[in-house]
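Q: Dock chains U, F and D against chain X, hints included.
Going line by line, the protein sequences match chains X, U, F and D.
For our numbering, count along the first sequence from 1 and bump the result up by 878.
For our numbering, count along the second sequence from 1 and bump the result up by 878.
For our numbering, count along the third sequence from 1 and bump the result up by 878.
For our numbering, count along the fourth sequence from 1 and bump the result up by 878.
It is possible that part of the hints are untrue.
Intra- or inter-copy, both count: the list cannot distinguish identical chains.
Derived SDA-like pairs: lysine to any residue, alpha-carbon spacing no greater than 20 Å straight-line [claimed, not checked]:
no., residue 1, residue 2
1, K964, Q895
2, K949, S880
3, K898, T978
4, K957, F906
5, K1061, V902
Don't read these hints as lab results, they were simulated from the structure.
Protein chains: 4
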Amino acid sequence: MSRYQDIKQAAYEANMQLPKLGLVLFTFGNVSAVDRALGVFAIKPSGVPYEELSPEKMVIVDFDSNVVEGKLRPSSDTKTHAVLYKHWEHIGGIVHTHSTYATSWAQAQRDIPIFGTTHADHNTVDIPCAPPMDDKMIEGDYEYETGFQIINCLLKRNLSYEEIEMILVGNHAPFTWGKTPHKAVYNSAVLESVAQMAYLTEQINREAPRLKDSLVRKHYERKHGPHSYYGQ
Amino acid sequence: MSRYQDIKQAAYEANMQLPKLGLVLFTFGNVSAVDRALGVFAIKPSGVPYEELSPEKMVIVDFDSNVVEGKLRPSSDTKTHAVLYKHWEHIGGIVHTHSTYATSWAQAQRDIPIFGTTHADHNTVDIPCAPPMDDKMIEGDYEYETGFQIINCLLKRNLSYEEIEMILVGNHAPFTWGKTPHKAVYNSAVLESVAQMAYLTEQINREAPRLKDSLVRKHYERKHGPHSYYGQ
Amino acid sequence: MSRYQDIKQAAYEANMQLPKLGLVLFTFGNVSAVDRALGVFAIKPSGVPYEELSPEKMVIVDFDSNVVEGKLRPSSDTKTHAVLYKHWEHIGGIVHTHSTYATSWAQAQRDIPIFGTTHADHNTVDIPCAPPMDDKMIEGDYEYETGFQIINCLLKRNLSYEEIEMILVGNHAPFTWGKTPHKAVYNSAVLESVAQMAYLTEQINREAPRLKDSLVRKHYERKHGPHSYYGQ
Amino acid sequence: MSRYQDIKQAAYEANMQLPKLGLVLFTFGNVSAVDRALGVFAIKPSGVPYEELSPEKMVIVDFDSNVVEGKLRPSSDTKTHAVLYKHWEHIGGIVHTHSTYATSWAQAQRDIPIFGTTHADHNTVDIPCAPPMDDKMIEGDYEYETGFQIINCLLKRNLSYEEIEMILVGNHAPFTWGKTPHKAVYNSAVLESVAQMAYLTEQINREAPRLKDSLVRKHYERKHGPHSYYGQ
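If we strip away everything but chain X, and leave its shape as in the complex, we get (with noise of 0.2 Å):
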C-alpha cells in the first residue's frame, strides 16, 4: 500500500463532494489534500470524471509541482496549489470549482459586499476579487503565476490566509482552501451561497448597505473568537 494511502483516501472523498454539492459541471472542478510531513499532495487527475475516480487513481505531487507518484496526469491547476502550499504552511487542502455564482462575481471583477451574517459567520471583510494577471504572467508560467496572484492580493490587503479563506481569481473564478481538504469544500460551498445571496440582495435593493462592524464582530466571534460558542 501506498504510503501516501492517507491523501489519497482524503483528497478523494473531498472531490466526490464537489457534485454532490452542485458545485461542478463535468470535470470543471478540483481538490488537493497534502501531507506536511512527507512535503507532497494528493490531488485529481486532469479531465477524469467524477462517476471514474477512485483513491488510487489521486496523483501525488511535490511542492515544485513534480509528479512523485500516479500514472495520470494531475490537474492542470496543479501548480497553483503547490504555489500556496509551499508558502502557506498551515492550509491541509484547497479546492478550485467554476460554480455558477462565485465565478459569475470573478467575472464581474468585483468583489463580494458583506450583506449579512451568513457572510460575516465566516468572514470579516469582503471576499476579494485579484485582479486579472498581467499579460507576462499569462505568457509566463500561467497556473504558478496565479497562485502568486492569489498570495499577492491578501498582501496587498493585509489579509490573513488563516483569516480569510476563499478568494475569487478575476475573470476566472474562486479558490479555497482550509486546514482540511474537507473544510477547502465546505468553504466553497459557503462561498458560493454568499455569492448568490449577494447577488440577489443587490437586485432587491441597490442601496443596500454593507454590515455594520459589530455585528461583523459579533457573528465571527460567535464561530471563531476565543469565547466562540458555535458547534461541539
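A: Chains U, F and D alone, transformed into the frame defined by chain X:
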C-alpha cells in the same frame, strides 16, 4: 425513557424537514419544539450535521436558556427561542434558517411586499423586516436581544404573533413560528417561496402594485376566517 | 366500483404529476378530469398532501359545484373548474398551480410577451393576464367569479379557449386546460418554462423584440396546423 | 441486426443524456449521430418521450433527409441536421435543445460575450447568435433553411465550425455539434452554463469587460492547442 421524549421526537422530525425542503446548507438552521406543561423546549444541538441527528441528540432547555437535559451544546440561537417561548404563550415551535431568498430580503433590509394571493393566503400584511439592532444590544447578550428585537418589531407595527408567523431580522435571516413545530417549518417554506416570487415580481414590473384590500381579506379568510373553506 | 373510476384515476395521476414537475409547493395546486357523458368531474380534495392522495380520495362534483360522490371536501377552487367545464364544452381537464415564474408574471400583472419559438410552438399570441376582479366580484362568490373573469378575458381579446390553453389571473396565479387532464398538466409545465425564459430574455435585453409574425405562424403550424409534422 | 446499430446506440445514449443534464423539458430536444461511411445519421423520433426511447426507435436518415430505416417519423428538426452533416464533413454529432439560459440569449438576439475562462476553455470568441431568418426562408423549407442560416452566420463571421461548436439561432434556441454525439451533448451543457454565468455577470456588473486576449489564448490553448495539457 426521557419524559421529554415527545418533544425530542417532534423537534428531530421537524429539523429533518429543513434539508428536504431545500431550506438549509450544512447546519445553517434549527427547529425547536415546546412542552408548555413542563416549561421546556427541545432544540437542535449546535453545529451537528443533519445526517448525524437523532431524537436523543436534541437538547432540553428551559425558558431562561438553562440546559435541563442533553449532553450536547444547544443551538447558538437558543436564547432567541427561549425569549420567544417565554413571551408568546401560544406558540408550539420555532424555526430559524438562512434560506436563500428570505435571507436576501433580510440583507436588503426591506419588508416583503404583499403582491399576490400566495402571500395573502398566509398573511394580510407585508412580511416585516426588523431593523438591525443597535450596537449595545449586539455587544451585549446578542441572541437574547434578538428575541426582543423580534417581539418589539411586531409591537411597534401593532401586529399579533398569532396572525403573522414569520419575520426577517435585518442583515441576518428569517425566523418563523407556529402552533406546532411542523407548522413553523411549513411557514419557513412558504416564506421562502413568497420571497422568491416577490423578488421576481419586481424584476418583471418595477411598478407592480401591492395586492388590493378586498383580495387580501378574501384569501386570508378563505384559509383562516370563521367561514374558512380550505382544507378538511 | 364507482362509475366514476376512470376520471378518479385520471385526476389522481394528473395531480401526482404536479410535484414531479416542480410546479407545486405543499398543496398549492389542483387538477380535475371531466366525464362529459355523466356531466361531472373528479377533483383533488382540499388541503390533502400529495403523498397521501389516492384515486379513491378524489371528489366527484357536477357543473353546478354540487358534490356527487366523495367523503372529503373538494378543492377550494372547485367552482372555478365547474364554471369552465360548463361553458367550454371541449375541454377535458383543468390545472391550477402557484408555479414560481408564471405566478410572478401574474403578480406583476403583465401578459407574457411572445419572444421565441418555444412559446410559438404552443400559442400564437402573448399569454394573457386577466386583470384583478373588481371588489364586488371578490366579495361575492369569489371562485365562481374567477371562472367568469377567465372566460371574459378571452372573449374581450377575441381568443378561443381551443387555441390558447393557458391564462394568468392577475395578482393570483395561472390556470391551464386541455383536451385531457394530461394535456392540461403539460400546458402548466410549458407555461412555467415560457414564463422563466421571457423573464430572462427581458433581463438580458430590455429592448428584446417580440417574435415576428412569419415565425409565429410557422412554429404553430408545425405542431398544430393541418399539415403539422411534429410528433407521430 | 441493423447495419446502423452503432449509430442507433450512440444516438440513443446521447439523447438520454439531455434530461439527465437538465437540458430539456418533455421532448424539446434531439441528438443525432452520423455514420460517414454509410452516408446516414440516426436521430430521435419526433415527439417521443425520453422514457419511452430505445436504440431501435432511432430513425435512420440520409443527408438529403430521406428516411432510410425506421418506423417512426424523425425529429421535426431533421432537415437542419441533414444540411449540417452534408456541408460540415468533420462533425460526428449534432444537438438541438431549448435549454433555459441559452434559449433566453437567443430570444434576446444577442451574442454571449466572452467574460471568463470557463467560456475561453471552449471558445475564443463570443458565442454567435444568428439573426432570425427572412420571411421567405421561414415560409419556404424552414428547417432546411435553418441549416443554412447557421452555416452562413459562421461564414460571415469568418469562423470555422471546427473551432466553434455552438450557436444560437435568433428567436429560437441553440444548436451544438462535435466530433462525436457525446461531445455535442457536452457542448450543449457547457453552453448552458456559460449562458447562465454571462447573464449573472451582467446583472452583477453592467460594465463588466470582455476577457482580454492574452487570457483567451492561454485558456483555449491549455485545452486545445498543440501543447495542450488538459486531460489525459
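Q: Now tell me, hint by hint, if it's right for this structure.
A: So, going through the hints one by one against the coordinates:
1. Taking the shortest Cα distances, K964 and Q895 never come within 20 Å of each other, neither inside one copy (25 Å) nor across copies (41 Å).
2. Only within a single protomer do K949 and S880 lie at most 20 Å apart by alpha-carbon distance; the minimum there is 13 Å, versus 40 Å between protomers.
3. In this assembly of identical chains, K898 and T978 lie within 20 Å of each other by CA distance both inside one copy and across copies; the values are 15 Å within and 19 Å between.
4. Taking the shortest Cα distances, K957 and F906 sit within 20 Å of each other inside one copy (16 Å), while across copies they are farther apart (34 Å).
5. For the identical chains of this complex, K1061 and V902 are neighbours both inside a copy (17 Å) and across copies (18 Å), given an alpha-carbon limit of 20 Å.
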